[in-house]
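Chemist: Chains as they are written, first to last, in the working numbering: chain A, 1 to 319; chain B, 1 to 254.
Hints in this document: simulated from the structure, not taken from any laboratory. Hints may be right or wrong, so weigh each one.
Residues from chain A that face chain B, not an exhaustive set, calculated with beta carbons under 10 angstroms [what the hints assert, rightly or not]:
#1 P194
#2 S196
#3 R208
Computed from the model, here is a short list of chain A residues facing chain B with C-beta under 10 angstroms [as the list claims (entries may be wrong)]:
#4 E68
#5 R221
#6 G223
#7 I225
Okay, the calculated bits of chain A under chain B, using three or more residues with CB under 8 angstroms as the criterion [stated by the list, open to error]:
#8 129-135
#9 209-220
Where a beta carbon is used, it is the ideal one built from N, C-alpha and C, also for glycine.
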Amino acid sequence: MSSPEPRWTLRGPNTGDRAYRVVLTGLALVLPLLILVLFAQLVVSALPAIAKFGPSFLWTSTWDPVAEVYGAAPMIFGTLASSFLALLIAIPLAVGVAIFLTEFAPRWLRQPVAFLVELLAAIPSVVYGLWGIFVLIPFLRAHVVPPLKAVLGWTPFFQGAFYGNSLLAGGIILAIMVVPYIAAVSREVLLAVPSSQREAALAMGATRWEAVRSAVLPYGRAGIIGAIILGLGRSLGETMAVTMVIGNRHDIGLSALQPAYTMAAAIANEFTEATTDMYLSALFEVGLILFIITVAVNALARLLIWRVARGAAVGSRAL
Amino acid sequence: MSAHHPVLQSLAYNFWYGATQALYGIDLAVPRHAVTALIGPSGCGKTTFLRSINRLHDLTPGARHTGDIRLEDTSVFASRSDPVTLRRRVGMVFQRPNPFPKTVYDNVAYGPRLNALAPDRELPDRVERALRRAALWDEVRDRLREPGTSLSGGQQQRLCIARALANEPDVLLMDEPCSALDPIATQRIEELIVELKQSYTIVIVTHNMQQAARVSDYTGFFYLGRLVEFGQTEQVFTRPADERTEAYITGRFG
Numbered sequence: 001m002s003s004p005e006p007r008w009t010l011r012g013p014n015t016g017d018r019a020y021r022v023v024l025t026g027l028a029l030v031l032p033l034l035i036l037v038l039f040a041q042l043v044v045s046a047l048p049a050i051a052k053f054g055p056s057f058l059w060t061s062t063w064d065p066v067a068e069v070y071g072a073a074p075m076i077f078g079t080l081a082s083s084f085l086a087l088l089i090a091i092p093l094a095v096g097v098a099i100f101l102t103e104f105a106p107r108w109l110r111q112p113v114a115f116l117v118e119l120l121a122a123i124p125s126v127v128y129g130l131w132g133i134f135v136l137i138p139f140l141r142a143h144v145v146p147p148l149k150a151v152l153g154w155t156p157f158f159q160g161a162f163y164g165n166s167l168l169a170g171g172i173i174l175a176i177m178v179v180p181y182i183a184a185v186s187r188e189v190l191l192a193v194p195s196s197q198r199e200a201a202l203a204m205g206a207t208r209w210e211a212v213r214s215a216v217l218p219y220g221r222a223g224i225i226g227a228i229i230l231g232l233g234r235s236l237g238e239t240m241a242v243t244m245v246i247g248n249r250h251d252i253g254l255s256a257l258q259p260a261y262t263m264a265a266a267i268a269n270e271f272t273e274a275t276t277d278m279y280l281s282a283l284f285e286v287g288l289i290l291f292i293i294t295v296a297v298n299a300l301a302r303l304l305i306w307r308v309a310r311g312a313a314v315g316s317r318a319l
Numbered sequence: 001m002s003a004h005h006p007v008l009q010s011l012a013y014n015f016w017y018g019a020t021q022a023l024y025g026i027d028l029a030v031p032r033h034a035v036t037a038l039i040g041p042s043g044c045g046k047t048t049f050l051r052s053i054n055r056l057h058d059l060t061p062g063a064r065h066t067g068d069i070r071l072e073d074t075s076v077f078a079s080r081s082d083p084v085t086l087r088r089r090v091g092m093v094f095q096r097p098n099p100f101p102k103t104v105y106d107n108v109a110y111g112p113r114l115n116a117l118a119p120d121r122e123l124p125d126r127v128e129r130a131l132r133r134a135a136l137w138d139e140v141r142d143r144l145r146e147p148g149t150s151l152s153g154g155q156q157q158r159l160c161i162a163r164a165l166a167n168e169p170d171v172l173l174m175d176e177p178c179s180a181l182d183p184i185a186t187q188r189i190e191e192l193i194v195e196l197k198q199s200y201t202i203v204i205v206t207h208n209m210q211q212a213a214r215v216s217d218y219t220g221f222f223y224l225g226r227l228v229e230f231g232q233t234e235q236v237f238t239r240p241a242d243e244r245t246e247a248y249i250t251g252r253f254g
């Protein structure tokens, strides 16, 4: 503020600039505003259900449109469980693909494979669902579930009969759908790791794998966490493919072989038959919960990435 | 030339990046416990040669060589001398400080942990010894748990030297270790290099001829992929045998 006059006054006020700024500011505010409106709308529509069932909506399991009693616990559980299962499968696969493509694959193979993996993201969700019903589930029934039950049948996670539509099938479909996101972002992150880090590790006597594990992955950790969160955000809200294979049953069970339900699937399946106001309001409350969970997960992740990245950035600026 | 048997020996070493030949018939004997400087204009092959010694070219697509480089009379390329063992004996310090995004302590402990050189209880001693040798201990003894990347540029480079020394190598390769540092940090590294030659054989690539004159005992002049001249530093700088060497060190080209 020590300079006599801000520079722009020397040229005189510029109407074009001012108009441009007003328009851009307006445009920039539209999106946050849209989120707030969406949130407000959900709250208003869910209000009757919130008023009637209170917080117990979150942990009761009855979903009875006839008696007008609603509890969303099974859907919340199913959403979290199927996404957890999906990440469990997708993280090693996707990060492995990213490591392979950046560190080990022959050069001519890298671009084509990266392209094909990313192409998985372009397949419509309903096609995944169809594939799940006609290919994945029969395959699971014939080749995967029997050995799984034989080895791990004693754990609570693989109890009961397998009828096809199940948490397991939903988790696997979700995993396939989020792999391209996690793999593509992780690959970008690993490509951005400076080669000086790799060389430092190699020059210390690290094997190529040790260099990846002890230098490249730690350097890219924040970005990989970001990639995983992106995948999680995608899988929490995924609707079509999941509803086609997960079984859509209001029940909480630890067994991955049992049918389950997710919030997104319930909303998509039931809003057409939600004939009473309370039914509709309950579905809106489910949507509100899904909205809050997704926003919270993303916010938490951004916070995490921001903190880790800030720690790394301090050092990289000094270099 | 030193009366000692050379630690490193390069025999008719040729090197290609794809179709481009970068080094032509390099014959060079690196004397033990001395500082050997490799000088020459940019692109003359000195860094390529340095990175051949610890086989860092192994991962460069299209890289190939003929001839041999021997460490204590064993070819570094022999199928049984695995690059991992080789690199433990031949440490390297790079142009820009490249500490890992880990603590100061973990940076130095990296090599001993990786190569399982010392049991865990001896690790702190080993880390301290390496940091003392790199003349960094007094500055970081209270900051061992801070990230290595939080140190100043010169400290980071000494941290990288400590990291290399923690492996207790025989040979230390330095690729323009001061090119990213200010004059004071550079001076500290140069003093350190002179001190380290008591215990290590050092090969340093440098663009800075004053630096070569200050720290090295032997100097090799590279030009267009050939080793034009090699000898005691004093002789190379005061009575160069080749007129290209003379032209370069007197600043007529480069």
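Chemist: All the hints need checking, so say for each whether the structure fits it.
Modeler: Okay, the hints, checked on the actual structure:
The closest approach between the C-beta of P194/A and any C-beta of chain B is roughly 7 angstroms, which is under the 10 angstroms cut-off, so the hint is satisfied. Hint on S196/A holds. Least Cβ distance to chain B is approximately 4 angstroms, under the 10 angstroms limit. Hint status for R208/A: holds, given a least beta-carbon distance of 8 angstroms to chain B, under 10 angstroms. A distance limit of 10 angstroms between C-beta atoms decides the matter here; for E68/A the minimum to chain B is near 56 angstroms, and the interface restraint is violated.
The interface hint given for R221/A holds, since its Cβ lies 8 angstroms from the closest Cβ of chain B, which is under the 10 angstroms cut-off. With its C-beta approaching chain B no nearer than about 12 angstroms, G223/A sits outside the 10 angstroms limit, and its interface hint is violated. Look at I225/A: its Cβ only gets to about 14 angstroms from chain B, farther than 10 angstroms, so that hint breaks. With 0 residues having a Cβ less than 8 angstroms from any Cβ of chain B, the region 129-135 of chain A misses the three-residue criterion, and the hint is violated.
Note: the region 209-220 of chain A has 5 residues with beta-carbon separation from chain B under 8 angstroms; the three-residue rule is met and the coverage holds.
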